[in-house]
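Order-wise, the sequence lines are chains A and B.
Count along the first sequence from 1, then add 34; that gives the number in my numbering.
Count along the second sequence from 1, then add 4; that gives the number in my numbering.
These are computed hints drawn from the structure, not numbers from a lab.
Incorrect hints may appear among the rest.
Below, in silico cross-link-like pairs of lysine to any residue (SDA-like), each with a Cα-Cα straight-line distance of 25 angstroms or less [said to hold, decoys possible]:
hint: 1; chain 1: A; residue 1: Lys48; chain 2: A; residue 2: Arg78
hint: 2; chain 1: A; residue 1: Lys43; chain 2: B; residue 2: Ala106
hint: 3; chain 1: B; residue 1: Lys72; chain 2: A; residue 2: Gly85
hint: 4; chain 1: B; residue 1: Lys101; chain 2: A; residue 2: Gly85
What follows is each chain in one-letter form.
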Amino acid sequence: NAGVTQTPKFQVLKTGQSMTLQCAQDMNHEYMSWYRQDPGMGLRLIHYSVGAGITDQGEVPNGYNVSRSTTEDFPLRLLSAAPSQTSVYFCASSYTGIKGADTQYFGPGTRLTVL
Amino acid sequence: KNEVEQSPQNLTAQEGEFITINCSYSVGISALHWLQQHPGGGIVSLFMLSSGKKKHGRLIATINIQEKHSSLHITASHPRDSAVYICAVRPMEYGNKLVFGAGTILRVKS
């Protein structure tokens with residue numbers, strides 16, 4: 035199993051550009067999520083999905099869109115990049131057990147800089 | 005005030021020392037996670053707890069649900085334990101969502 039994969043690893047954008055961060059998992063996990071990590075702050079949830087066709091907003095969704103057309107893929111779209119979106123982005127996945135999400139598996143991260 | 009507070013923020017230890025990292029939270033939870041983030045950036049899940057204590061090698065995690073507190077202990081610390089340790093909780097009213105602490109930066113010197 036490849037686990038959770040993310041591409042690209044690094045990206046530099048200019049203000050106003052759009053792009054898609056890719057995330058895929060091969061563990062047949064129902065639950066997938068996107069986080070951003072900023073210095074001195076904990077990981078913050080951007081969007082999440084509990085299964086194909088179902089997505090919902092997290093703590094900091096503004097400026098980002100997601101879709102979940104398959105169980106495996108959960109891309110994150112930046113609509114019009116802003117310097118405030120400079121961050122490290124992590125995708126994660128897990129099973130959804132009886133009590134909710136189980137052990138989280140994280141991708142390697144994407145370091146995004148917006149100039 | 006953050007829902008999840010970790011202490012200390014930074015910790016430097018000598019190889020072989022016993023290390024404790026603390027996590028306090030303010031809401032009712034269904035589970036608590038301890039994660040490790042190495043300097044390369046990758047995040048690995050260490051433990052998921054809903055009660056009691058778990059042990060894996062030199063790592064021990066405990067949780068006291070009544071006191072809303074968890075600790076991560078590292079016995080016989082080693083320089084390869086140097087990493088950021090992150091506590092995350094699953095609040096009961098949030099369903100599957102996790103809320104993360106800011107992390108504890110641990111450096112173990114040889």
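Quick rundown of the hints versus the structure:
1. A:Lys48 / A:Arg78: With Cα atoms ~23 angstroms apart, Lys48 (chain A) and Arg78 (chain A) stay inside 25 angstroms; holds.
2. A:Lys43 / B:Ala106: Distance ~23 angstroms between Lys43 (chain A) and Ala106 (chain B) Cα, so the pair holds.
3. B:Lys72 / A:Gly85: Outside the cut-off at roughly 31 angstroms; violated.
4. B:Lys101 / A:Gly85: Distance ~14 angstroms between Lys101 (chain B) and Gly85 (chain A) Cα, so the pair holds.
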